[in-house]
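For the record, the sequence lines run as chains L, B and U. Note that this note's numbering has the first sequence beginning at 393, numbered continuously upward. Note that this note's numbering has the second sequence beginning at -6, numbered continuously upward. Note that this note's numbering has the third sequence beginning at 3, numbered continuously upward.
Treat the hints as calculated values from the structure; they're not laboratory data. Treat the hints with care, as some may be off.
Straight-line C-alpha distance at most 25 Å; calculated DSS-like pairs for lysine-lysine [unchecked claim]:
| # | chain 1 | residue 1 | chain 2 | residue 2 |
| --- | --- | --- | --- | --- |
| 1 | B | K50 | U | K89 |
| 2 | L | K497 | B | K108 |
| 3 | B | K56 | U | K89 |
| 4 | B | K56 | B | K35 |
| 5 | B | K56 | B | K108 |
| 6 | U | K89 | L | K497 |
| 7 | B | K108 | B | K35 |
| 8 | B | K109 | L | K497 |
| 9 | L | K749 | L | K762 |
| 10 | L | K749 | L | K497 |
| 11 | U | K89 | L | K749 |
Some but not every residue of chain B turned toward chain L, in silico, with C-beta under 8 Å [what the hints assert, rightly or not]:
| # | residue |
| --- | --- |
| 12 | R31 |
| 13 | K50 |
| 14 | F81 |
| 15 | L84 |
| 16 | A101 |
| 17 | Y105 |
Here the structure is a predicted model, which means the values were calculated and not measured. Backbone N, C-alpha and C define an ideal beta-carbon position, used for all residues, glycine too.
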Amino acid sequence: MPANFMPSAAEYFRFAPEIILTIVGTLVMILEAMTGDRDKSSLGYVSLLGLAAAMAAAVAANNDPGLAFQSMIIVDGFATFFRVLVLGVGMLTILVSTNYLSEAKANSGDFYALILFSVVGQSLMACANELIMIFIGIEISSIASYILAGYLRDDRRNNESALKYFLMGSFATAFLLYGVAWIYGLTGSTNLGEIRTVLSHGTAPTAMVGISAALMLVGLAFKVSAAPFQVWAPDVYQGSSAPISAFMSAGPKAAAFAVMVRVFYTSFDSISNQWEPVFWIMSLATMVIGNFAALQQRNIKRMLAYSSIAHAGYVMVAVTSHSAVGTAAVMFYLASYCLMNIGAFAVVTWMARDGEKFVEVDDFSGLAQKQPFVTAILTVLILSLVGVPLTGGFFGKFLVFKAAIDSHLMWLAILGLLNSAVAAYYYLRVLVVMYFREPGASTVNLPPVAGTLRVAMLVTTLGTIALGIFPGLILGFATQSSTLGK
Amino acid sequence: MPTTLLERYFPVVLQAILAFAIGTLLIGASAILGKRVRNAVKNTAYECGMTPYGTAKERFSVKFYLVAMLFILFDIEAIFLYPWAVVFRDLKMFAFFEMLVFVILILAGFFYIYKKGALDWTAEELKPVQHKIHVDLMPADPVPSEKVTHAA
Amino acid sequence: MITINHYMAVSAALLLIGTVGVMTRRNIVVILMSIELILNAVNVNLIAFSKYHNQVTGQVFAIFVIAVAVAEAAVGLGVLIAMFRNKGTVQADEVDLLKW
Chain L
393 MPANFMPSAA
403 EYFRFAPEII
413 LTIVGTLVMI
423 LEAMTGDRDK
433 SSLGYVSLLG
443 LAAAMAAAVA
453 ANNDPGLAFQ
463 SMIIVDGFAT
473 FFRVLVLGVG
483 MLTILVSTNY
493 LSEAKANSGD
503 FYALILFSVV
513 GQSLMACANE
523 LIMIFIGIEI
533 SSIASYILAG
543 YLRDDRRNNE
553 SALKYFLMGS
563 FATAFLLYGV
573 AWIYGLTGST
583 NLGEIRTVLS
593 HGTAPTAMVG
603 ISAALMLVGL
613 AFKVSAAPFQ
623 VWAPDVYQGS
633 SAPISAFMSA
643 GPKAAAFAVM
653 VRVFYTSFDS
663 ISNQWEPVFW
673 IMSLATMVIG
683 NFAALQQRNI
693 KRMLAYSSIA
703 HAGYVMVAVT
713 SHSAVGTAAV
723 MFYLASYCLM
733 NIGAFAVVTW
743 MARDGEKFVE
753 VDDFSGLAQK
763 QPFVTAILTV
773 LILSLVGVPL
783 TGGFFGKFLV
793 FKAAIDSHLM
803 WLAILGLLNS
813 AVAAYYYLRV
823 LVVMYFREPG
833 ASTVNLPPVA
843 GTLRVAMLVT
853 TLGTIALGIF
863 PGLILGFATQ
873 SSTLGK
Chain B
-6 MPTTLLERYF
4 PVVLQAILAF
14 AIGTLLIGAS
24 AILGKRVRNA
34 VKNTAYECGM
44 TPYGTAKERF
54 SVKFYLVAML
64 FILFDIEAIF
74 LYPWAVVFRD
84 LKMFAFFEML
94 VFVILILAGF
104 FYIYKKGALD
114 WTAEELKPVQ
124 HKIHVDLMPA
134 DPVPSEKVTH
144 AA
Chain U
3 MITINHYMAV
13 SAALLLIGTV
23 GVMTRRNIVV
33 ILMSIELILN
43 AVNVNLIAFS
53 KYHNQVTGQV
63 FAIFVIAVAV
73 AEAAVGLGVL
83 IAMFRNKGTV
93 QADEVDLLKW
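Just chain L, with the same shape it has in the complex (with noise of 0.2 Å):
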């Protein structure tokens, strides 16, 4: 028996982008503790290059797909996308966060290593395919977050936005646990696969299965901010580092929604007709929630939280329709949000400058007379998170209604439509202040953009508007991989 458990070589080569990132992970905060009061930039960019290195790994493995390590990992197309995806975040919020951590003098390898080992949970929830790993996956990556979060340890606003995403975050894993513990108890297997087979049978209760996925989906519906789970989402974005919240904002949120499709694809398929009408609820009331809310807003960052709840909630729509047209919107979706929440963060952060004293919507005023660079940046960000056509926005948005429509969910595409409306105005209320107001105290004596977050601001912005014009330079991949191996 014991001698098949003997990993070969192919598996190992599936499970390397995790093994990089955890030794660079590793090195980082070693050389971190070792280098003592020396600058700590270089270690930015040796984290850079691990991620980079996992990233080829994880492209690499693609060549490959297949199960390993008696099937609780899985590589395939569904699976390689969130982990690129992942990885990309974790590039940019190092490139976002560099020049930020050295004006707050607090540039350490720690916040390096941080990252790095947050992206390996992600990574490793992006693959997973059995439910040890998702719960490991999602500790890994929610422990360092925590942290991450109240990173500026003698700022208050850090202080109370870790308290309150490590509470909130850790009673939701714990029901996903209780959930998880009830899956094992009725099926008598945590593999993804053998659970679907299990459920299929129709032995097992399945008024327990049904409690036991809900209590599944609230963790995950907490990860990705959906209501009624997604109250700690504006405390945390507003109360933590710009860099932060953007990382925190996508990487996290992708991760979730890959585990929460093929969870709720794989395994709980055959009780679909329990779970479709209470996602359908759930993706209107994100939706409508976070709009709404959006609307009052005067601060960025939470305004851009509350966007972020509301875009989870287009996804929502686009998991709801459990169909291969739904999972490739969720994908592309996930993708071009990333970029965008990614780059509208990075503008954020370049605008609050140390101490984060400038966050108010109203801060931004006349910035178009002042700094035209970071204005045209977020005017294409602004137009595609509002769904203008040739903006990565649009097609998200366009995929994710269509595959409403194709499962026949005409009233919640409709309903999201509307919802997308109101969006508009309290994104292009940024762009008239940035426009057609007087330049205020805010923008009197701007800042340079550094070297690393021009780098960010670009990819993000070029990222989507090329997502805009040839969406299917992953469309493509999206559509392939979005049968899931089932």
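Chains B and U: place on chain L using the hints.
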């Protein structure tokens, strides 16, 4: 072989009854038979050793929390050795190398906290400002006194 | 005879106590303890199911849950201490800097 629930747990019930009876008996006997002397010395908490001082609800410096927490972390990591030890014979050298990787990762963590000075209790008196983790987790005044009364 | 249902009942009770604790307590340390209680409810469940299915999967899972719970508690207490140093309170309802 006992079958019903009551029969299986009868020894436990019996022991509980016995423990309660003996406890009551001894305390009762000393209360009835004993001689009572009340004076200041008799009423102190300890009749020998050092004189007690201050309140028992004293606050400890956070640096002890840090050491305790690190201890628990490393302690719990050791539970992974138990399942490993069970299958070690079957898996042979493969298991050895797997555990080696695990232990190296733990050691990396240990090295990190050691270098950061988290295990150094006395460092603060020698050098007030040094590594960041030090400054943050071990403030010069452990707990500001006015805040203590406020929180209590 | 102790059946699996008894374990389920204990676990459900722990879950309930933990949930009520998180919802009603003001002291953050107590909230943390309540969350740990829920995780222990999960552990009771896992071990019982493991015995019931005659597998070791549940037991291995429980070990992972324990390890993760400790890491989580360590981070949580660290976060709490950072806040206590800046704010001087461990009451959940005094954490009110960020509000809508």
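Structure-based check of all given hints:
1. B/K50 - U/K89: Roughly 21 Å separates the two Cα atoms, so the pair holds.
2. L/K497 - B/K108: holds (20 Å)
3. B/K56 - U/K89: holds (18 Å)
4. B/K56 - B/K35: With Cα atoms ~37 Å apart, B/K56 and B/K35 exceed 25 Å; violated.
5. B/K56 - B/K108: holds (16 Å)
6. U/K89 - L/K497: holds (22 Å)
7. B/K108 - B/K35: Measuring from Cα to Cα gives roughly 51 Å; hence the hint is violated.
8. B/K109 - L/K497: holds (17 Å)
9. L/K749 - L/K762: holds (19 Å)
10. L/K749 - L/K497: holds (16 Å)
11. U/K89 - L/K749: At roughly 20 Å apart (the allowed maximum being 25 Å), L/K749 and U/K89 satisfy the hint.
12. R31: violated (50 Å)
13. K50: Violated. Min distance 25 Å.
14. F81: Given a least distance of 10 Å, the restraint on B/F81 is violated.
15. L84: holds (5 Å)
16. A101: At 5 Å from the nearest chain L Cβ, B/A101 passes the 8 Å test, so the hint holds.
17. Y105: Because about 5 Å separates B/Y105 from the closest Cβ in chain L, which is inside the 8 Å limit, the hint holds.
Checked against the numbered hints above, the structure breaks hints 4, 7, 12, 13, 14 and satisfies the rest.
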